[in-house]
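Trainee: Listed below are the residues making up each chain.
Protein chains: 4
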Amino acid sequence: MTDPIRVTVWGENRHEQLEPEVAKRYPDGMHGAVAQGIEANLGESAVVRTATLDEPEHGLTEEVLRGTDVLTWWGHAAHGEVSDEVAERVQRHVLEGMGLIVLHSGHWSKVFTRLMGTTCTLRWRAEHDRELVWTVDPTHPIAQGVPHPMIIDEDEMYGEFFDIPAPDELVFISSFSGGEVFRSGCTFKRGHGKIFYFRPGDQEYPTYFHEGVRKVISNAVEWAVTRRPERALPTLLRYETEDFYNGHGYRGALRADAGEASE
Amino acid sequence: MTDPIRVTVWGENRHEQLEPEVAKRYPDGMHGAVAQGIEANLGESAVVRTATLDEPEHGLTEEVLRGTDVLTWWGHAAHGEVSDEVAERVQRHVLEGMGLIVLHSGHWSKVFTRLMGTTCTLRWRAEHDRELVWTVDPTHPIAQGVPHPMIIDEDEMYGEFFDIPAPDELVFISSFSGGEVFRSGCTFKRGHGKIFYFRPGDQEYPTYFHEGVRKVISNAVEWAVTRRPERALPTLLRYETEDFYNGHGYRGALRADAGEASE
Amino acid sequence: MTDPIRVTVWGENRHEQLEPEVAKRYPDGMHGAVAQGIEANLGESAVVRTATLDEPEHGLTEEVLRGTDVLTWWGHAAHGEVSDEVAERVQRHVLEGMGLIVLHSGHWSKVFTRLMGTTCTLRWRAEHDRELVWTVDPTHPIAQGVPHPMIIDEDEMYGEFFDIPAPDELVFISSFSGGEVFRSGCTFKRGHGKIFYFRPGDQEYPTYFHEGVRKVISNAVEWAVTRRPERALPTLLRYETEDFYNGHGYRGALRADAGEASE
Amino acid sequence: MTDPIRVTVWGENRHEQLEPEVAKRYPDGMHGAVAQGIEANLGESAVVRTATLDEPEHGLTEEVLRGTDVLTWWGHAAHGEVSDEVAERVQRHVLEGMGLIVLHSGHWSKVFTRLMGTTCTLRWRAEHDRELVWTVDPTHPIAQGVPHPMIIDEDEMYGEFFDIPAPDELVFISSFSGGEVFRSGCTFKRGHGKIFYFRPGDQEYPTYFHEGVRKVISNAVEWAVTRRPERALPTLLRYETEDFYNGHGYRGALRADAGEASE
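These protein sequence lines are chains A, B, C and D, in that order. The opening residue of the first sequence carries number 1 in this note's numbering; numbering runs sequentially from there. The opening residue of the second sequence carries number 264 in this note's numbering; numbering runs sequentially from there. The opening residue of the third sequence carries number 527 in this note's numbering; numbering runs sequentially from there. The opening residue of the fourth sequence carries number 790 in this note's numbering; numbering runs sequentially from there.
These are computed hints drawn from the structure, not numbers from a lab. Keep in mind the model is a prediction, meaning the values are calculated, not measured. Please note: incorrect hints may appear among the correct ones.
Keeping only pairs whose Cα atoms sit at most 30 Å apart, straight-line, the calculated DSS-like set for lysine-lysine is [as the list claims (entries may be wrong)]:
1) A/Lys-110 - B/Lys-373
2) B/Lys-478 - A/Lys-110
3) A/Lys-189 - D/Lys-978
4) B/Lys-373 - A/Lys-189
5) D/Lys-978 - B/Lys-452
6) D/Lys-978 - D/Lys-899
Which chain A residues stay away from chain B? Per the calculated CB distances, all over 10 Å, these [stated by the list, open to error]:
7) Leu-115
8) Pro-234
9) Phe-244
From the derived model, a few chain B residues whose C-beta atoms are all more than 12 Å from chain C [unchecked claim]:
10) Lys-287
11) Arg-386
12) Pro-401
13) Glu-423
14) Ile-427
15) Gly-441
16) Pro-497
17) Thr-498
Ideal placement from N, C-alpha and C gives every residue a C-beta, glycine not left out.
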């Protein structure tokens, strides 16, 4: 009845090229594993494509983004190679209404830090900690069908303080065998778009083959779709008294002459 | 007992130079009126200085910001003239722990939009609306001693949708005689810093002489001070298992060799 | 595909019996008008029944509530006549997972005040104010298809301070022609249930025939459904180390003997 | 300069009477240890007294509560013995402006569950877990001077799901050596009062002698003080158009006659 969700899975795809063990772990790339997990869960209600850093414009042209309902983002070693122009474009599309799922080390991407306004730093350790993902918002759509707790046998550790704005909704908190905790599932609304940050997943571990992790990402894709009449950036407009629906464009802050009111 | 709060009041100071009626309304500049309001309310518990756009580095050198506990920001006609370097510097100081009070048309400043990650747009009209400022968080320190409602006889109208992240705390909601509403007092924590956005105040109206408006700004200055051992940016650090207090600096995402774990 | 949402519309139904002009305005009762609005919007995706105060157990037996996915509540003149037993039962079902939509003067019902923990008081006036309902959370499912602003030509005024917990999400803010503002669309999650408070609607005005008001209530019904494996109250349970899934019942706070651990 | 904060530390004081090892651990009662911790931290800026269950009216008469700025609450084995009248009285005083600090097993007290509206249940285990308390809101006044993380060598485990409303501010998250996590420091504003829930502390462990735990409770006492002109319950009042400051008492929901407007 409703059109399928158009998902673009973005992957940096560098570890897979540079580190043989990562290539072996993720033969279709990490983006491939993420895409397969979404397809396995959402079936015909989603159409999934992938895009990677080394494509022209990182595979994220204006046209691709305009045709994307939800974008997932995984990056790590090459955040700095993402062009400012593309990062700005992705930010704009989120504010216009595209959903965004930021995965794991994507916390430090240009896209996420621009949208959050903070450093998005954290503490970390790659020492095979067991991760337990606990649900603290049991009626949230993203948590449906997810074990409580969800056990990930081995994963990188991320710990607090995670320098993000207080999330609109805190869905999951993780603990690690070393004792650290992390706000690992967080929602943020920005402009006309919805954002979900989800912690698990690393190039050193097969996390994106984990059934529960795939379920969460798939739930998040469905949650992040915004159903509005059109995709549009919030704009600054002047409205005359008693006319609530027809805004005028903004023509500069300083009066051009005495007759024209400025903001 | 505690040291006085070091406040820097930043003003764009353009309308005052270009429009005689604004210069007449605010003979010491709008920044002068804001500064006087803080001094009148906080007395010896604050030391207040001002800085303006046309000073070198807009008066906001590294040294000035390092010596500032709370910065207030009013800009309007010349947001684009604020250098990216200074905007970035102010953002960094906020994330390190400097308080920030953003006033009225400062909503569209580089500093505020960078910290929010959204467009920070809104609807507006300059037609002498009466503004009523209602307290919806009556125990908030910023609302203490403020009338409910606070009446501002004439002011510019700002209306929803105001494209900001959902505030951590919504303290005030304004209505205007034309019927619009606005989330006019909002707190945000970002990094190690605290931010308060406050709507009232415009070059066309003597809002910064209003006793209630001055009380709110002064309360906000006190609220925005962060008492931590030192001012520092949150950082990304690696922590070994069972060592919770000594982080290591980050040395790159890709392994230099097989023996060194990367994030 | 999914089963239809089972909605029970509860109405106090006293004004309709005691005041001829209310009976004339709402010939099928206010509950009848609310039910028709939901049916008109949700069609076959909902099955709607009504229940009223004067029925045995107010029409809200254990069996009725067990068969209800979402309950809407309108009461006003006879909050005190709702039995404590039924109020407690409704609260329990909400915490177990039943959705609850509280309408207008239902703010002062036993059910809502028990769930909020506060007085739920406000300021009011019945003097034909025009109400404007502004959306401040434009991606919220409850706001989809609702005009911004939504205009209600005449309605009772409710003003701040509204003594509720800060809502999880603030969806709508109303202004009134007299100048008051009100947080008029608020979501709250409690236990395994979701609650939406919506302000418009009064026996003195035909508000429940307003297309926009009906759209909001219908959206809220869809939003309030919780899809969990079973409806159950959160419980206090003891879990042994490394057994994350099998809790034991609680057997008292004081040790019965040395061998049994107490909480 | 400001008057000292008047603190009442309430303790159930049953374990101390019934279990010799608890009496030995807390020779002045658990309430005694909590009171001493506050005195040690706040010195002359607080005056602290204690009250216990077995006193007439549990030591919480109208007069005592009227003379209390902040009440701390520890109960466990005898929640059911607290009279409904006193629980209601404490709830009313909180809504009027008294601060409330709920400690550990006080989560299941009548006072806390009435104010939250939920079951306030959780998972638990008393098996000498190490607790790490992590700060996730580093600028919050309650977190100042508290180690990150704070280590408690042995304590009872409390785990999620903790059935509370999403807190206004999440200050601390705990992990336990068994792997569970818990939202262990939560603020809630209700009516004119401020509430802080803090997890650590149990009769089986000497937690209330821990310097960090004492620091948190003392910070919370200072935070919970509400500075308003008078202590008063929010009330329902009618306001005439353009009279924003003089409300009328409520005289019933049904019209007594045609001339009197009802709500």
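Trainee: I'd like to know which numbered hints this structure contradicts. Please list them from smallest to largest.
Mentor: 2, 7, 8, 9, 11, 12, 13, 14 and 15
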